[in-house]
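All chains should be built: construct the whole structure from the sequences, respecting the hints.
If you want the building blocks of each chain, they are given just below.
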Amino acid sequence: MTLGAEAVLSLAPDASSAKAARGLVSPGQWPTLGANPQAVWGECQGSGAKPYQTQVDLSGPSFRCTCPSRKFPCKHGLALMLLRAEQASLFKNADAPAWVGEWLASRAEKAQKQEEKQQARAAEPVDADAAAARDAKREAQRWARIEGAAQELQRWLADQIASGLGALGTPRRAAWQTMAARMVDAQAPGLGQRLRDAADGIGQGADWPERLLHRLGLLQLACEAIGRRERLPPGVQADLRTLAGWPHDKAEVLASGDRLRDHWTVLGLAVEERDDKLVERRVWLQGEHSGRRALLLDHAYGGRGFEQPWLGGTRVEATLAWFPGANSQRALADEIAAPHGEPAWPAARVADEWQAMAERVAACPWTWLHPMLVPGAVPLRTDAGWLLVAEGRALPLAVNEAVGWSLLAHAGGVPLTLMGEWDGRRLRPLSAWGGDGLWLRGGE
Amino acid sequence: MSADPVWGSLVPAAMVGTERHPLPKAVLSGPVGALLDGLPDGDAATALLRVAAVLAPCELAGAQGRPWSSPLPPPAGVESRPAPTDTVLLAWSLRRGPARLQHQVLAALDAQGLRLPTALLPLALELGRHSIALRAPLQPVLGARGLWLATQNADWRFAVGAAAEADDDLRWAEGSLDQRRDLLRAQRQRDPAGARERLAASLAELPARERAELLGTLWTGLSMDDEALLDGLRTDRSREVRQGAIALLVGLPDSALARQAVARLAPLLQPRWTIDAPAEAPPDADGIEPVRPKHESLGDRAWWLYQLLRQVPLGWWPRHTGLAPAELLPWALATDWAEAIVRAWRDLLSHDPQPDWCEALLDHWPGKLLRDEPASVLALLPPARRERHLERQLRGGTVVLSTSMQQVLQSCPVGEGLSPSMSATVADALLDAARRNAFLADHGLRGLLPELACVLHREALARLDAWPRHADETPTLVELLATMAQVTAARRALSA
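In order, the protein sequence lines correspond to chains A and B.
Heads up, the numbering used here is the position in the first sequence plus 72, with the first residue counted as 1.
Heads up, the numbering used here is the position in the second sequence plus 22, with the first residue counted as 1.
Each statement offered as a hint is correct.
Heads up, incomplete: computed chain A residues facing chain B, CB under 8 Å, no partners named:
#	residue
1	LEU154
2	GLN159
3	LEU229
4	ALA234
5	ARG465
6	VAL486
In silico negatives: residues of chain A with every beta carbon more than 12 Å from chain B:
#	residue
7	ALA205
8	GLU302
9	ALA342
Chain A residues, not near chain B, derived (Cβ > 12 Å throughout):
#	residue
10	ASP129
11	ARG142
12	ALA168
13	MET251
14	ALA258
15	ARG301
16	ASP347
17	ARG354
18	GLU389
19	PRO396
20	ALA409
21	HIS412
Think of the hints as simulated: they come from the structure by calculation, not from any bench.
Only a predicted model underlies this, so the values are computations on that prediction, with no experimental measurement involved.
Glycine included, every Cβ here is placed at the ideal spot set by N, Cα and C.
Structure representation (structure tokens):
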């Protein structure tokens with residue numbers, strides 16, 4: 073598999089790594105470069121006397137480098153892949169040197185051990201009844217605490233509305249932060265986060281009162297739903313658990329979730345740096361045969377990179393297991409094969425996209441982001457900001473100047489199909505195809 | 023959202039507080055209205071939150087964007103040039119390379135009949151926005167997409183103009199200032215009278231800045247046929263235009279203005295040789311301003327002399343005095359009016375860069391009397407004589423290496439490079455400094471390395487491969503050397 077330069081850069085843990093990697097894409101800095109069908113490797117002259125040994129297992133791709141960087145993948149690994157993408161002729165086809173061969177062998181061994189372990193665990197008999205009883209008790213306790221928190225939040229919200237939102241000075245905002253912290257203490261951090269998001273929007277933009285009411289309305293709905301949780305369908309109950317910030321166990325999702333094997337087109341990829349060196353990655357997939365869409369949501373801390381590599385504009389065979397929910401988008405990927413073949417870019421109709429979005433909202437009103445495919449779309453820069461025009465309607469685009477101009481340059485006024493995340497107000501473009509080929513939102 | 027009557031009616035109650043502002047009854051028909059009517063009873067605040075709880079999901083589910091009826095801009099035209107396939111070094115050069123390298127890669131693209139890849143267009147236009155020097159090589163490689171993109175951003179207007187293929191009249195009518203200047207200069211070379219008439223016909227409608235800029239094109243193919251137009255411009259509204267016209271007239275030694283200036287100077291200059299300044303201000307009509315500007319360092323009489331000397335063509339001096347420039351400069355510096363004289367001569371050299379005069383000025387550099395650096399005079403010399411001067415200076419070792427290297431760069435116009443022999447001298451001087459590990463401490467010198475790698479002749483680039491490395495190099499130095507190596511790699515790729 074050969075990745076394009078943009079795809080390689082989308083693997084970067086942050087913008088500064090991508091920038092540093094670009095600076096290393098010079099054959100002069102790589103005294104040796106080699107490749108075979110499994111891996112590419114090279115030695116990069118760094119500031120030390122001994123060059124860094126950088127290697128990439130192409131089946132991932134997985135990176136390894138002898139440099140001391142904590143970033144993963146490091147700039148050397150990225151630069152190596154960039155060189156491979158743009159100047160493949162520099163790589164001599166060769167047998168892997170010992171330092172490459174040993175690593176590849178150890179990786180294969182590790183993978184095998186992992187598989188054996190899993191099989192062994194599956195075969196292990198467990199006292200199912202006792203474990204289930206323990207789990208049920210723990211769950212009931214946590215739900216009780218969340219219900220208490222929701223009641224408290226509902227009373228508090230009513231107090232805010234009774235005394236008015238107009239006088240939200242600094243001391244009252246501090247009260248909002250305190251309330252959010254109480255939600256975290258009551259094991260409902262999801263509610264706390266939503267309250268904090270609402271507080272952050274206060275005073276932002278001319279229409280903030282409407283948007284604040286909108287958010288408080290959704291919180292009110294969440295609190296009431298939690299109160300009558302037991303009368304709601306299991307899917308909605310699962311959504312409420314997610315909403316409260318009580319994550320579903322991944323192993324359980326993989327074992328008992330709704331599973332589907334397909335060839336997945338990576339429609340778009342969003343990587344956002346958040347506070348505290350936390351990086352969030354959202355990968356949007358569409359099944360080639362099933363037509364089903366899915367979201368892979370991952371977090372990485374301290375520039376450590378993500379466990380599974382996903383690249384925009386590739387085609388990957390994998391089994392997805394969906395999280396429980398009324399109309400869940402989020403899934404986990406399992407049994408992932410190496411990217412292979414041309415991705416199948418799905419056709420779409422604007423009306424169908426809006427309909428699907430409305431159905432998702434109806435099933436789970438707290439759905440935060442919706443994947444949208446907009447065919448026949450022309451990006452524009454207007455006095456009112458960046459817009460996407462399609463079929464006589466305009467959507468505001470969530471882009472900064474750099475991304476906006478990059479998209480506009482790619483489109484050149486010619487309609488294309490654009491994939492983005494709709495947050496209820498704006499569309500954040502992640503990829504576009506048609507015309508000049510594929511456009512991928514780069515790191516920011 | 024506030025256009026919505028339902029949200030609009032909730033906001034006042036929520037902002038003021040339901041304790042003081044009653045919650046209006048929501049009036050909505052259809053299923054949503056029925057749902058609102060059926061909400062359970064509660065206190066006013068909870069009732070308001072429940073209405074919001076119904077409306078928020080409905081609003082989310084009903085989103086479809088805003089209606090759009092304005093016409094869309096026409097799409098970009100069809101490209102006539104292909105884009106390069108290998109863009110790594112090109113992208114690096116534009117993103118991180120020195121300005122000279124950017125100039126070189128753009129010129130190389132043009133020479134190969136290629137255009138910029140789409141993904142680099144916003145970056146390239148942004149570079150052109152900040153660097154006027156880059157606009158000339160940028161323009162031909164923008165392609166149809168780049169020109170289209172420039173029309174979408176007011177900051178990139180400089181690149182918007184008539185298509186490069188359009189005929190002269192259309193480009194003159196619709197082109198950018200840069201395009202019109204290039205057009206006029208080109209026409210001056212083959213048809214000076216036609217270009218003059220084209221400019222004369224448009225002068226009345228041009229703003230002052232453009233008049234002054236385009237007037238400069240008359241230096242190409244300047245002749246006595248231009249005198250009438252230039253004489254007329256001596257009374258232009260703009261000071262810049264008036265001064266430009268006078269400079270051009272001085273460039274014509276037979277012009278009435280130049281002859282009048284010589285006649286005025288003659289009585290002030292006595293044989294074997296003494297010079298005096300005018301005792302009173304010459305009449306204003308001569309383009310000589312009687313009143314000194316506020317911060318002028320010259321006195322009144324020196325100020326008048328300076329302006330008068332600016333109107334005397336340089337060629338007159340050796341003819342009249344029988345002295346060569348190399349003799350005239352020491353003479354001038356020994357007079358009481360040294361500053362007025364050398365400043366006037368330096369000004370004249372800008373348009374009439376006679377090599378003997380430039381070299382004489384460099385050899386007798388008047389120091390602080392000129393608000394100028396030797397590099398700007400070096401830049402006026404033809405490359406061979408400029409390099410001879412610099413090579414002598416480098417070999418002589420009388421000037422600090424970083425100063426010499428700075429002069430090498432400053433006197434070498436962007437878009438040009440050094441000769442093979444000069445390049446070898448420069449490369450050897452740098453390698454010698456590297457062997458002494460001089461770059462560790464000399465921050466001024468090492469900062470020049472990436473740019474020096476841009477002007478070296480490509481035959482000399484190979485010499486840099488033998489760059490001696492040291493164990494105690496600092497991270498900054500390592501990074502600079504890597505940048506230099508990258509510049510070298512990019513330049514090798516250009517000539518491959």
